[in-house]
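A.B. asks: Each chain, written out:
Protein chains: 2
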Amino acid sequence: MKPAVSPKDKVWEYKKFFCKARLMDLTAGGKIVVLNEDDAHENDLYASHRVILRTESGKEAVALIDLSPELVRRGEIMLFSEVAEELEASEDERIEIKHMQRPASIEFIKKKMDGFPLSAQETETIMRELMENRLSEAELASYITSLYIRGMSDDEVVGLTEAVVKTGQTLQLGKRPICDKHCIGGVAGNRTTMVVVPIVAAAGLYIPKTSSRSITSAAGTADTMETLCSVSLDIEEMRSIVRKARGCVVWGGALKLASADDKLIKIRNPLSLDPTGVMLASILAKKKSVGAEYVVIDLPIGRGAKIPDKAEAKKLASNFISIGKRLGMKIEVLVTDGSEPIGKGVGPALECIDVLSVLNNTGPWDLREKSCRLAGELLEMAGKVPKGRGFSAAQSILSSGKALAKFREIVELQGGKKNVKIGDVPAAAYKHKVVAQSQGRIFHIDNKMLSKVARAAGAPNDKAAGVLLCCERGDSVKKGDVLFEIHSNSETKLDFAIKALEGWEPVELRKVVLGTVG
Amino acid sequence: MKPAVSPKDKVWEYKKFFCKARLMDLTAGGKIVVLNEDDAHENDLYASHRVILRTESGKEAVALIDLSPELVRRGEIMLFSEVAEELEASEDERIEIKHMQRPASIEFIKKKMDGFPLSAQETETIMRELMENRLSEAELASYITSLYIRGMSDDEVVGLTEAVVKTGQTLQLGKRPICDKHCIGGVAGNRTTMVVVPIVAAAGLYIPKTSSRSITSAAGTADTMETLCSVSLDIEEMRSIVRKARGCVVWGGALKLASADDKLIKIRNPLSLDPTGVMLASILAKKKSVGAEYVVIDLPIGRGAKIPDKAEAKKLASNFISIGKRLGMKIEVLVTDGSEPIGKGVGPALECIDVLSVLNNTGPWDLREKSCRLAGELLEMAGKVPKGRGFSAAQSILSSGKALAKFREIVELQGGKKNVKIGDVPAAAYKHKVVAQSQGRIFHIDNKMLSKVARAAGAPNDKAAGVLLCCERGDSVKKGDVLFEIHSNSETKLDFAIKALEGWEPVELRKVVLGTVG
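If you're matching them up, the sequences are chains A and B in order. Going by our numbering, the first residue of the first sequence is number 1, and it counts up by one from there. Going by our numbering, the first residue of the second sequence is number 1, and it counts up by one from there.
Read the hints as simulated data drawn from the structure, not as lab findings. Possibly wrong hints are sitting among the right ones.
[Stated by the list, open to error] Between beta-carbon pairs, the in silico distance windows are:
1. A:R74 with B:A427: 48 to 54 Å
2. B:K59 with A:R74: 44 to 50 Å
3. A:S272 with B:R74: 30 to 36 Å
4. B:R303 with A:R74: 37 to 43 Å
5. B:H444 with A:E107: 23 to 29 Å
6. B:K59 with A:L173: 57 to 63 Å
7. A:K256 with B:G151: 48 to 54 Å
8. A:S232 with B:G58: 41 to 47 Å
9. B:E70 with A:K256: 46 to 52 Å
10. A:K256 with B:P308: 43 to 49 Å
11. A:T216 with B:M131: 26 to 32 Å
12. A:S438 with B:G151: 42 to 48 Å
[Said to hold, decoys possible] Below, a list of computed lysine-lysine pairs in the DSBU-like style, where the Cα atoms sit at most 35 Å apart:
13. A:K306 with A:K511
14. B:K431 with A:K15
15. B:K59 with B:K306
16. A:K384 with A:K306
17. A:K98 with B:K263
18. B:K310 with B:K448
19. B:K431 with A:K110
20. B:K266 with B:K478
21. B:K111 with A:K16
22. B:K15 with A:K448
23. A:K175 with A:K448
24. A:K175 with A:K402
25. B:K111 with A:K448
26. B:K431 with A:K266
27. B:K266 with A:K166
28. B:K110 with A:K166
29. B:K417 with B:K433
As the structure is a computational prediction, the values presented were derived from the model and not from experiment. A virtual CB, placed ideally from N, CA and C, is assigned to each residue, including glycine.
This is chain A alone, in the form it adopts within the complex (with noise of 0.2 Å):
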């Protein structure tokens, strides 16, 4: 007969021991302890192996170990910040050490791998142990490994979405129709949602709008709101800030929202995995967190984009549409030319200057172009608007100066200026410009290329760092035009990007050969 419990578990559930804490003022970038060599040893625990520690007062961690010979003394256990914090431990306090057992979720990534589908069960157990630090990193690449090969049918999707909903908190409005608008990324410039939020948000809609920072790019939309404004807000003061002004413009990672998301990117990343059932669950998971019933989302294709063309763009779309109505969701699809920058600035505050400007009306007319019709969309279906009138509305929203009102009610109630105005917006101290090499058409703008020269001049840390462009594609330029600006507050960085541009050609004219071959 089987016993109840397995081999491999049962006999280390006797297994534990006691160390005095000694705390260390250094974060592991994980949940990480130090045990003394010869204490792990005889308890049978190796380098990397996973632990359960417990205080006096019942509060417990997931630890990966680390071992010593010398620097922990036997009966001591070293607590790198993360783990200090969570168990609220003090020095010298008595901490209880237990083996872990093997986390339930191995078996069901173990089933995916297999090629079986999982259920939305089996894919709970592995988001709330991934919360709990049960699994490893290599356990996480394993899964999401398995759900890139294997595929995810759309029943596993909705479980990935729903479970990751509720790994965290949710916004609980109380006010309705909710709106909400994602873009998929790859293009510079590109800050639609500043001037969406306000127009849908004036229009008498609901906003809550959730953004990130940057990545690899060089400045994600949460970074070039806080030029002007705070968006490290909390779920309440989120909450309240709606209720009031319909709309707001934060940070989603200091929020709580799907918080399993965070950590599931953290693994596709550094992998540059993103299989599409997961892309598709962690973007609606976090539209389905603040509440959100009608939802646009932006499909940028074209070179160098995410997508490569229209029939990919389509897949999707119809993908987004179909998971979106099973979780309640109503979602449109724009599909949108994704092989330039949008707008003219590439970095926080030029793109911000882009956002005041259309607010303005007097910014570049692509990013005007795309946000009305972003927010028209919205508009037509939340039924504010007949279907085919929603541009036409949003543009008027724009035009009349409300979207540039409601835009600063939403800046003073994060905490921003009153009448926020472009002088508002941070300057860089120092500036160069790159010209063109001889005379002819502007053939390309390349979005990678210039979001990695303006890193490297210091954006997104340095907010007035980046790229101004002063041209666009199909513009005649003369031998020595300015064809764009790299701006920094450090000499060396702009130094940086300057040498950054050796061999590349981000603004690109148009040549008739293109090389020898052979």
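Since the structure of chain A is provided, determine the placement of chain B on it from the hints.
C.D. replies: Using the frame of chain A, we list chain B on its own:
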């Protein structure tokens, strides 16, 4: 035109900075350094990023970074032991820090994920970068998961084997023919290697045997041999011993054969993931590294064994044989009964006593018979005796005392006592007898449970700890008859082991009724 260097990597080539080394006596189980948080962010580095470190004398190492706001001052870098050793760094030394470029392997891992086979060259790159610590745990987990889901062609297994061989040293014995043996494990006791090696060497063949230490079992062959002599030899010592005695039993981990394999095992074990192709390559790379020409493989099957049945064993055997052929090795596979322990002892010293007893022609019949079958195969393959005569030839060598003499010669050359005998094996201070609760016949003896009980008692660190079986399957016992003894040098651990038995029946009496259902 596409730039020669991808935008992703290019900018950071210019980014390097210098810090003063602070040495830290702390093993991290990986290559880890700690930077001041502000220094790191200013250089676009975040927790878990990888950097290339370089000392003034030109030593390089790849490391993961941790961040601390206070413990590490600006301009300093704290080095964990593994990194300090690799760099041969001294306190206050100036260390150059550079962003690491994206490893080339990631593209190949992605290719395998997408279902395309990898060339020998691509696999070699992955193994090289693995050895250089350029790949994260997550990337490796993703690689192993992909190999598991997608499977591997014979070409790929051969490519992986050869790539793994290249990552380590090889034994240049200068003598032949060279034999080797391997068991895929999972059976308690089963110390055939220590009997096979002296028989084969006494017959005039070379058998430079490397063995492993226990991971989850109560003892590995290296742990058992170590009760009598040193097993941590370097490759030159091994070579000199084998040239003298024609055989040895050393710990593979101390040599630097097939180094990549040890790193792959570190990933496979926590995931319990052992893709067949990786397992084949792992085993055969070690055989290839010692120059083996004739190899016998022991595949235990049955209840609780790694391989469930004969059909599965046959498939694996034909893989071994065909891959071996392509690598220039003649391989024979013996399918054996892996459902119960081999020998009476479980734990290093107790297993060693079984081995010495067999060499003295008094030991457990099953260990004797199995060892002679394995040795006999090698005698036949290498042409020492005609086909069909290997088993009896091996038995004669054992009966004649030549195998015992050869074993003693090897033990002495490896630094053990002259004329080693059973009395030299350490005995435990505490013993506990487990008796039959009723009369009946022994129906099953469970490998895994016995191993766990032996480990709870302190094996393999406590050499004398373990379980001594006092019965075998089929025996009739009366209530109160001793089924097995638990040995330990620690009363506390003996107690752990006894507690671990609660609800378990490692030695199971036959039951006609197995329980009620529903």
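A.B. asks: Hint by hint, note whether the structure agrees.
C.D. replies: Do the hints match the structure? See the list:
About 27 Å separates the C-beta atoms of R74 of chain A and A427 of chain B, a value inconsistent with the hinted range of 48 to 54 Å. For the pair K59 of chain B and R74 of chain A, the supplied restraint of 44 to 50 Å is violated, since their beta-carbon distance comes to about 33 Å. Hint check: S272 of chain A to R74 of chain B, Cβ distance near 32 Å, so the stated range 30 to 36 Å holds. A hinted range of 37 to 43 Å for the beta carbons of R303 of chain B and R74 of chain A is consistent with their spacing of about 42 Å.
Distance hint check for H444 of chain B and E107 of chain A: the Cβ-Cβ separation is about 25 Å, which falls inside the suggested range of 23 to 29 Å. The hinted range of 57 to 63 Å is satisfied by K59 of chain B and L173 of chain A, whose Cβ atoms lie roughly 58 Å apart. As the Cβ distance of K256 of chain A to G151 of chain B is approximately 41 Å, the hint placing it in 48 to 54 Å is violated. Range check, S232 of chain A to G58 of chain B: about 44 Å between beta-carbon atoms, so the 41 to 47 Å window is met.
Taken as a hint, the range 46 to 52 Å is violated for the pair E70 of chain B and K256 of chain A, whose Cβ atoms sit roughly 26 Å apart. About 46 Å separates the C-beta atoms of K256 of chain A and P308 of chain B, a value consistent with the hinted range of 43 to 49 Å. Taken as a hint, the range 26 to 32 Å holds for the pair T216 of chain A and M131 of chain B, whose Cβ atoms sit roughly 28 Å apart. With their beta carbons about 54 Å apart, S438 of chain A and G151 of chain B fall outside the hinted range of 42 to 48 Å.
A hinted pair counts as satisfied when its Cα atoms are at most 35 Å apart, and K306 of chain A with K511 of chain A qualifies at roughly 25 Å. Restraint check: the Cα-Cα separation between K431 of chain B and K15 of chain A comes to about 20 Å, which is no more than 35 Å; the hinted pair holds. The straight-line distance between the Cα atoms of K59 of chain B and K306 of chain B is roughly 44 Å, outside the 35 Å bound, and the hint therefore fails. Restraint check for K384 of chain A and K306 of chain A: the C-alpha separation of about 32 Å stays at or below 35 Å, so the hint holds.
For the hint pairing K98 of chain A with K263 of chain B, the CA-to-CA distance comes to about 26 Å; that is within 35 Å, so the pair holds. Between K310 of chain B and K448 of chain B the alpha-carbon distance is near 21 Å, which keeps this suggested pair within the 35 Å criterion. Of the supplied pair hints, the one linking K431 of chain B and K110 of chain A is violated, its CA atoms being roughly 40 Å apart against a limit of 35 Å. Taken as a hint, the K266 of chain B and K478 of chain B pair is broken in the structure, with Cα atoms around 46 Å apart against an allowance of 35 Å.
Between K111 of chain B and K16 of chain A the alpha-carbon distance is near 44 Å, which puts this suggested pair outside the 35 Å criterion. Of the supplied pair hints, the one linking K15 of chain B and K448 of chain A holds, its CA atoms being roughly 18 Å apart against a limit of 35 Å. Taking the CA atoms of K175 of chain A and K448 of chain A, the gap is near 40 Å; set against the 35 Å cutoff, the hint is violated. A hinted pair counts as satisfied when its Cα atoms are at most 35 Å apart, and K175 of chain A with K402 of chain A qualifies at roughly 21 Å.
With a C-alpha separation of about 23 Å, the suggested pair K111 of chain B and K448 of chain A falls inside the 35 Å cut-off, and the hint holds. The straight-line distance between the Cα atoms of K431 of chain B and K266 of chain A is roughly 51 Å, outside the 35 Å bound, and the hint therefore fails. The suggested pairing of K266 of chain B with K166 of chain A holds, with an alpha-carbon distance near 33 Å, which does not exceed 35 Å. In summary, the hint linking K110 of chain B to K166 of chain A is supported, as the alpha carbons are separated by about 31 Å, within the 35 Å threshold.
Taking the CA atoms of K417 of chain B and K433 of chain B, the gap is near 31 Å; set against the 35 Å cutoff, the hint holds.
Figure legend: structure checked against the earlier numbered hints; hints not met, in rising order: 1, 2, 7, 9, 12, 15, 19, 20, 21, 23 and 26.
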